[in-house]
Structure formats: C-alpha cells, structure tokens
Amino acid sequence: MFSMSPLFGVMKFEKEPPSFNGFGGMLFTYVQDAGGFAFVGLAIWLLLAILRPIYDYPTPETRKNRLISPLMVIPGAIGLAAYLVAFGILLVAFSSEVPDNVTDPSEITVVPTADPAMVAIYEWATFIGGFFMLIGFVGPFLLDLSKLRFNRVYAIARLSFQEAVRNRVVWVFLAVLLLQLFPSRWWFGGKAEEELKNIIDVSTRFNNVLLVAVGLLLAAFSIPNDIKSLTIHTIVTKPVERFEIVLGRFFGYVGLITMALVGITIVGVGLIYAGNIEREAKQESQRSRVVNYGRLEFTSRKQGEDFRGTDVGKEDGYRLHIAGGPNSPYRAVWNFTQVNPTFGTKEKAVKLEFAFDIYRTTKGNEGEGVLCTFDLTTWKWDPARESEYKAAITKAFGNQQNITPDRVEDWEKISQIAQEFGRYEWLGQEVFDYHTIAFPVPESFFKNALEGKPNKNESPLGSSIDGKPNLIRVSVKCETPSQFVGMAKWDLYFLEAEGSFIINYCKGAFGLWLRTLIVIALAISISTYLAGVVSLISALLIFLLGFFLDFIATIVTGRNEGGGPLESLLRLVRNEVTAKELDKTTAVSAVLAGDSIYRWTLRRVYNVIPDVNRYGWSEYVAQGFSIPGDMILINCLSAAAYTLPWLVAAYYLMKAREIAA
Amino acid sequence: MAEPTPAKTKNDIVVETRNLTKIYRDFWGRKKAVALNALDLTIKRGEIFGLLGPNGSGKTTTIKLLLGLLFPTSGEAKVFDRPAADVRKNEKIGYLPEESYLYRFLNAEETLDFYGRLFDMPGEVRRERSEKLIKLVGLEHAKKRTLREYSKGMRQRIGLAQALINDPELVILDEPTSGLDPLGTIWMKELIVKLRDEGKTVLMCSHRLDDVQDVCDRIAILFNGDLQELGEVNRLVEDARRVELKATNLQLTEALKADLKAVIEKHGGSLETFGHPTTTLEDLFKRVVEESKARPGRRYLPSNTNN
Ligand SMILES: Nc1ncnc2c1ncn2[C@@H]1O[C@H](COP(=O)(O)OP(=O)(O)O)[C@@H](O)[C@H]1O
Ligand SMILES: [Mg+2]
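So the sequence lines, in the order shown, correspond to chains A and B.
The numbering of the first sequence is our numbering, which starts it at 171 and goes up by one.
The numbering of the second sequence is our numbering, which starts it at 9 and goes up by one.
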C-alpha cells in the first residue's frame with residue numbers, strides 16, 4: 171500500500187479553515203460587531219417608537235408607549251456611554267493608517283499610534299458598549315421567547331410544510347433524484363478514477379442550487395403571501411405571538427428541506443454503493459481520511475538568508491517552491507504541535523502522505539519523477555548525536571536505505587533507532603506532479619515524541635504562535651538539480667485513521683443544510699418587512715454576495731489606501747501625499763473620526779453578508795478527506811451567530827408591523 | 009328580544025373605546041383617509057351589538073382596531089379590559105373576517121385542527137370541538153374536501169366554525185351574511201341569537217339593515233368614520249318626538265289626509281308622511297345618511313339617548 175497512488179488526494183485551501191483557536195477573540199469581536207448592529211437596531215426602533223407611538227392606558231389619566239420598555243432604554247444608555255468613551259479615545263489617540271495586505275475588513279480598524287493602554291480601553295469600551303446594546307436589543311426578544319408555545323409554532327410549521335407539499339414543490343426534488351439515477355459519465359465523460367469525485371462535485375453543486383432556490387422561494391413569499399391574501403388576519407387574531415409566525419415558517423421550510431436533503435443523500439449514497447461507479451474511482455475516492463496537518467515554513471541553511479519559498483508564478487503563489495540539488499540549502503519544513511496519542515501504541519506504522527507540485531526548469535526524462543528526501547525529527551532529537559545516529563544506521567543496515575514494515579526484522583531495527591534518537595529518514599523518494607504518495611513512519615518515532623511532552627514554549631523545535639510546543643518536524647529537501655518542488659501547508663499530513671465514507675458524505679450534506687438554513691432565515695426575516703419579490707431579490711443578492719466575500723473584503727480595503735473618503739478629500743484639498751502622516755490638528759482629528767465612522771459602517775455592511783463558503787465541504791468528500799468535527803461545530807456556531815441577529819430583527823419588524831394596513 | 013342587562017360592574021364591559029381614531033397614511037406618513045374619528049363605544053356582556061353604516065364608513069376599521077390588526081392613530085381600544093395590542097385577549101375572542109380568509113389547500117377538519125392548535129388546545133379537545141362545529145355549520149358532507157372546492161356560502165360557514173373553535177366569550181363578525189343565500193342568512197341570524205342566548209357577546213357589522221334590525225340589541229350607525237347614532241334598536245327606531253298611528257281598513261284619500269292634518273296641527277304638530285308603512289330602520293338609515301351628507305361631521309351626542 172505504500173506505493174504511489176495516482177490520485178488527487180490533496181486539499182486546497184485559500185485560507186485557514188475555521189477552528190476553535192482564538193475562540194475567545196472571536197467571541198469578543200462578535201460582541202463588538204453584533205453590538206454595533208444592536209445599536210443601529212435599537213436607535214431606529216426607539217426613533218420610530220417615538221414618532222409612531224402605540225399607547226397603553228393603564229389608567230385613563232396615564233399613558234405608556236408600549237413599544238418602549240426600560241429594558242431597552244437603560245442598557246441602551248449605558249451602551250451609548252461606553253460608545254462615547256470609545257469615540258472620545260478615537261478622537262484623541264488614534265490615527266487612521268490602514269496596514270498593508272489587509273484582506274479581512276475586520277482588520278480595518280484604526281491603527282493605534284498612541285498608548286497601548288488607550289487601545290485596550292478603546293477595545294473594551296466598544297466591547298462593553300456592544301454588550302449593553304445587545305442586552306437592550308435582544309433582551310425584550312429573549313423575554314418574549316417565554317411566551318412561545320410549541321403547539322402554535324408546530325401548527326404553523328406544519329401548515330407551511332403542507333402548503334409546499336400540496337403545491338407540488340416536492341416534484342422538483344423528485345425530478346432531481348431522477349437525474350441522479352443516470353451515471354455521471356453520461357454527462358461528463360472524464361477519467362474513470364475521477365468519476366466519483368465528479369459525481370460528488372456535480373451533485374453537490376446541483377443540490378445546493380436546488381435547495382437554496384427552493385428554500386429561498388418558499389421563505390421569501392410565505393409571509394408576504396399570507397399578508398396579501400389576508401390569511402394572516404385569522405392567525406394574528408388568535409393568541410399567536412407574531413414571532414411564532416416567523417419561527418413556524420422557518421421550521422416548516424427547514425423541515426421540508428431537511429427531508430428533501432435526507433432523501434437526496436440516501437439516494438446519492440445508494441447509487442454510489444449500488445455499483446454504478448467505476449471500480450477505480452470507488453477504491454480511490456470512497457474514503458474518509460482523518461489527517462493531521464502541520465504548519466509549513468520555508469528555511470534556508472545558508473547563513474543569514476531569509477528564505478520564504480520561491481514563487482515560480484504558478485497558481486497565484488498558492489504553492490511556494492524550493493529549488494532542488496544535492497547541495498541545495500532550501501527546505502520545506504512542517505511543524506506538528508499535535509500527535510494523535512494512539513500513535514505509538516496501536517499501529518506498526520503511520521502513513522505520511524503528500525502530494526507536491528513540480529516545476530521543471532529543464533525537461534527531465536519522460537515519466538521520471540523528482541527525488542525528495544524526508545527528514546523527520548522529534549523535539550528530543552539532539553543534533554550533537556548526528557554521528558552516533560549515522561553509526562547506528564550503518565551498523566544495522568550497512569548503507570542507509572528505506573525500510574518498509576514487510577521486512578519484519580529490519581523494521582524492528584529501524585523502529586528501535588527511531589525511538590532512541592527521535593529521528594527517521596526517508597530517502598530518494600520519487601515524486602510526481604500532484605500524485606499522492608505515502609511512506610511508513612514507525613510508531614516508535616511517535617512514542618519518542620509523546621513521552622514527557624515539553625511545556626509551553628519549551629520545545630527545541632519552537633512553538634506555534636499561541637505557545638504550543640512543536641513535537642515533530644518534517645523537513646523536505648529536493649535532490650534533483652534544476653527542478654523546483656512546490657508545496658502548500660495542506661500538501662503533507664500524517665494519516666491518522668480511515669473514517670467512514672458514508673458518514674463523511676452525510677457531513678458534507680450537513681454543510682449544505684446549514685447553508686440552506688441561513689438562506690431561509692435570511693429570506694423570512696427580510697420578508698417580514700418587504701414584499702415577496704423584493705424579499706426574494708434582496709435575500710438572493712445578499713446570499714450571492716457571500717460567495718464573493720473575500721473579494722469584497724479586498725475591494726473594501728483597497729479603497730482605503732488614502733484613508734476613508736473624508737481623509738482622501740482632505741488630502742486632496744491640501745495636496746498632500748498619502749504616505750505622509752497628517753498633522754494632528756482639530757480639523758484632522760474630526761476628519762479621522764468621520765472616517766472611522768465610515769469604516770465602522772462598512773464593517774456593518776460587511777457583517778450583513780453571510781460567509782457561505784464556510785459551508786461548502788464537498789471538496790473534502792470528493793477528495794476523500796474526513797470533515798473535521800471541530801470545524802463542523804464551529805461552523806454551526808457561526809451559522810447560529812449569523813442567523814440570530816436576523817431573527818431578532820424579524821421579531822421587531824413583525825411586532826411593529828400593522829398587519830392590516 | 010330580551011332586554012340586555014344594564015352594566016353594573018367593570019366586568020360587564022367587554023369592549024370599550026375612548027376617542028378611538030384611525031387615519032390611514034402612506035409610507036411617507038401622508039394622510040390617505042380618516043377612517044374613524046374619535047369613537048366612544050361600550051359593549052356590554054351578553055348583548056348583540058351592531059355596527060351599521062354604508063360601505064367605507066369605518067366598520068371594518070373599528071373591528072380591526074379592536075383586534076390589534078391596526079394600531080390606533082390616537083385614542084384607545086380595550087377588549088376584556090386589555091389593550092387591543094395585547095394578544096392574550098384573543099384567547100376569548102372569535103373573529104370572522106369580512107371574507108373568510110382561510111387556507112384553501114386544507115380541508116374543513118384540517119382547518120379547524122389548525123386553528124385549534126393556535127389556541128394551544130390538546131388534541132382530544134380539538135377533535136371533539138371540530139366535529140361538533142362541523143355539524144353545527146352543516147358541512148359534514150364536505151369535511152374532507154379542500155376549501156378550494158368550497159362555494160362562497162360554504163366558506164362563510166367554515167369561517168364561522170373557525171371563529172367558534174375556542175368557545176369564545178366575544179364573537180366578532182364582519183358582514184356575517186354577505187355571500188349567503190336567503191336561507192343561509194336566516195340560519196346565520198338564528199345562530200347569532202343562539203350565541204347570545206348562550207351568554208356570549210356578539211359584535212357584528214353590516215350594511216344590511218334587515219339583518220341588524222332582526223338580531224341586534226343595540227346598534228351604532230357610522231358614516232364617514234363618525235358615529236351618528238347609538239342606542240337600543242327599539243328605542244332608536246321609535247322616535248320620541250314622532251307619533252306613529254296605525255289603522256286598518258282605511259283608504260288613502262286626500263280628504264282623510266286633510267282631516268288628519270287639521271287634527272295634528274290643532275295639537276301643535278305637523279304631518280310628516282302619509283302612506284303605507286315601510287321598514288322603519290330603513291327610514292332611519294336613509295335619514296341619517298341624508299342628514300350627514302347635508303351637514304358633515306358628528307351628529308351623535310351622548311345626550312341624544314338615555315341608555
Ligand atoms: N388599508 C387602507 N388604506 C387606506 N385607506 C383605507 C384602508 N382600509 C380602509 N380604508 C378607507 O377607510 C375607510 C373605512 O373603511 P372600512 O373600515 O373598510 O369601511 P367599511 O367596513 O365600513 O365598509 C374607507 O374610506 C376606506 O377607503
Ligand atoms: Mg367592511
């Protein structure tokens with residue numbers, strides 16, 4: 171099995187998949203961001219409540235605006251005070267430089283030129299302000315949740331479901347199922363071994379469009395149609411909380427979509443197992459690799475050279491290259507802070523898998539690969555024992571060679587050496603362009619790494635940014651002269667286990683489900699205020715913008731080279747160059763403050779758009795990689811974090827709506 | 009018709025409005041129509057109260073304000089001593105809209121089950137009540153058919169059943185007889201009286217005078233959003249300053265008219281009409297409308313009647 175497998179088993183990520191690292195920071199930013207929305211929402215609500223009051227008369231002489239409660243006003247006032255503090259600091263202590271290479275607008279904040287203490291106060295003030303704004307805005311909503319009754323929400327959910335079914339929406343799904351019955355090679359042709367990958371790719375895309383379109387159509391028109399056909403009059407004159415209508419519709423359509431997705435998934439898995447697929451494709455793609463990734467860095471052994479990988483101008487620099495040759499000083503180094511604790515106990519060997527890109531400066535021999543050497547060390551490896559280690563190898567095998575577990579005795583010996591020294595080498599591996607290759611690593615090597623783990627920041631191999639000690643290092647060198655080998659972080663990994671393909675397929679479907687759920691919540695929330703067609707278009711637009719979120723981020727940042735619009739204007743008037751810091755006069759401060767308000771607004775707009783790419787996991791399934799559980803969990807949280815503010819907005823819009831007007 | 013018991017305690021007042029005003033506005037807040045102007049109304053427990061008025065006089069608007077479907081521009085509306093915007097009052101209200109706005113893809117049983125759930129009623133109670141109501145409104149033969157296939161009259165019937173699903177204390181009916189044939193109309197009127205006899209309060213509105221005269225204990229007449237008349241039907245129809253004289257076996261001759269005129273004038277009155285009797289409420293209604301057209305604005309003042 172440790173041979174070359176002609177496959178594409180490699181993941182490509184443009185950015186880090188989300189993880190729980192820095193979860194606290196994410197929560198902090200979320201409160202700041204959501205708090206900003208709560209502030210806007212609360213301000214609009216209170217303004218409208220004052221302009222168009224609805225009075226209750228507890229006694230004929232006293233009246234009370236039922237749209238305003240102390241629960242909103244008091245936290246709102248505290249939040250506003252905190253915001254004023256933040257704004258004050260902004261005026262006196264910040265300039266508005268935008269750092270280079272910002273791709274994430276959440277980083278477009280003002281950059282401190284002042285005291286770090288001021289920055290801390292600013293951050294905390296916006297956090298506290300956001301927190302209280304959230305209490306003021308979400309508090310009444312949470313209190314009203316206690317009034318919800320399962321029976322009523324269920325009734326409306328069931329009604330929505332029945333409506334869709336009886337209006338024959340289900341036929342759409344059935345038509346799609348029928349399409350999937352035909353082998354995909356009828357549609358696409360392609361290599362036999364890529365068949366499964368193609369099927370998964372195409373059917374996911376197709377199901378995605380289908381589910382999103384159906385969810386969007388149903389959700390965008392539901393409440394507007396109810397209002398237009400006046401059927402809502404018989405509902406709201408029952409003891410129904412307005413928000414129950416929103417929730418009922420939401421759950422009804424989510425239920426429908428869930429059933430459709432379950433059906434589609436069962437049929438999909440069924441077809442894959444029913445033998446409609448080419449055997450090669452089954453063997454290669456029908457897997458679910460659980461893998462352990464390291465962090466990649468490029469190094470040079472030349473004294474004083476700062477090497478960060480060579481960009482040969484392929485793939486927009488996604489993969490960076492190292493030049494080859496026996497004396498090449500360049501290495502690609504992966505550091506692993508985590509080792510699966512079952513390594514070094516259960517298995518005889520752990521697979522190290524990789525797939526690299528090859529860039530040839532001279533035409534090599536046809537069908538011949540490029541040679542690479544892999545040098546694995548644990549944190550216990552002592553470079554001073556180099557000659558001792560070499561001697562042990564020579565003693566055991568004569569000349570150094572690659573050992574596989576089928577040579578039982580030799581494997582025993584190499585395992586002992588690996589455990590004693592914390593080092594293992596794999597030499598002269600022939601590497602082909604984008605083909606996944608694996609070689610065995612003795613379990614004893616991991617035993618060495620796991621025994622008596624070093625403390626935070628105390629590993630000789632260095633640490634990750636958050637101080638986790640590196641336990642294992644894999645150093646790759648290219649031996650063939652005038653060839654370049656290109657790699658990205660995700661191109662090399664330890665294969666921890668083989669998971670179930672079906673479960674992985676279902677996990678992929680769950681990603682689609684999350685995405686559809688977001689769309690439904692979005693469309694329903696918008697439709698509580700706007701007419702059906704308008705809601706449909708708005709929700710669709712917001713959703714589609716989500717696919718270009720990264721692109722939007724760069725536009726938003728790109729525009730900010732000369733600061734915000736006000737600052738650009740000021741520079742224009744004064745004819746100043748952008749690079750020069752503006753002098754701090756009162757006028758300039760005011761302009762900078764204006765621009766930070768502009769940026770604050772931009773950031774709100776950016777937050778409105780869902781990060782839909784987060785939920786596209788079909789690549790994992792298609793490439794045969796297990797979808798990591800913590801990534802699923804964090805994306806569930808992010809879906810909730812995105813939909814909740816929309817639902818709260820829907821709650822207010824519905825409550826304020828004059829149904830019969 | 010039984011005399012409604014006079015209000016003694018606060019508990020006996022089911023609906024109360026004070027100065028209730030509704031101005032429809034467009035998105036920009038510009039005035040479109042004054043649908044209701046400073047309405048003061050009290051409806052007591054156990055009576056059938058009729059809102060009467062020509063199309064566009066503000067009847068439906070009043071009902072929607074009471075139900076919280078609309079928010080008042082000023083003034084207040086209270087039902088069961090709760091503000092109209094409070095949904096909890098709906099527990100004891102049954103509402104039949106002007107047209108029965110129901111889901112057409114449901115059948116009669118499913119419809120009643122659905123609305124029963126909205127009252128958080130347990131399944132057994134829902135089944136029991138919907139069976140009883142389907143019988144009451146005479147739709148047993150069609151209970152499995154979707155409302156899409158129903159005629160206007162059948163929809164009105166299932167709409168009424170829907171309004172009664174929670175055994176309400178206050179039944180609000182907007183044009184309950186519209187779309188019903190004469191037999192259906194009689195059936196509906198009998199049912200309304202029966203509801204009152206069961207102790208429920210009924211608020212209905214109509215532009216059909218015979219309906220109102222037949223069943224209502226008290227009425228309010230609206231025109232252009234202004235309250236024009238308010239009181240017990242019997243007392244409104246008889247006019248204190250008028251004297252009605254009925255006789256049989258008389259020929260309508262000029263001589264008779266001259267003689268009667270002389271007698272009436274001798275006693276300080278004047279002869280208004282002379283002829284065969286007509287529906288008295290219709291007279292009143294016409295007169296109110298004509299007077300309102302001549303002199304726009306409010307005509308009704310609380311001192312006009314002594315109820
Ligand atoms: N949604 C609305 N927008 C604007 N004007 C309305 C609306 N509904 C009713 N009106 C106006 O308010 C007045 C009263 O209407 P309504 O209460 O429906 O009368 P009725 O039920 O007595 O026939 C009419 O002039 C009508 O045109
Ligand atoms: Mg009407």
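Because the hints were derived from the structure by calculation, they are not lab data.
Possibly wrong hints are sitting among the right ones.
[Unchecked claim] List time: in silico DSSO-like cross-link candidates among lysine-lysine, alpha-carbon distance up to 30 Å:
hint: 1; chain 1: B; residue 1: K202; chain 2: B; residue 2: K151
hint: 2; chain 1: A; residue 1: K825; chain 2: B; residue 2: K151
hint: 3; chain 1: A; residue 1: K825; chain 2: B; residue 2: K40
Hints versus structure:
With a C-alpha separation of about 23 Å, the suggested pair B/K202 and B/K151 falls inside the 30 Å cut-off, and the hint holds. Pair hint A/K825 plus B/K151 does not hold up; C-alpha atoms about 35 Å apart against a cutoff of 30 Å. A threshold of 30 Å between alpha carbons decides the hint, and for A/K825 with B/K40 the separation of about 23 Å falls inside it, so the pair holds.
In this structure, only the earlier hint numbered 2 is contradicted, and the remaining ones agree with it.
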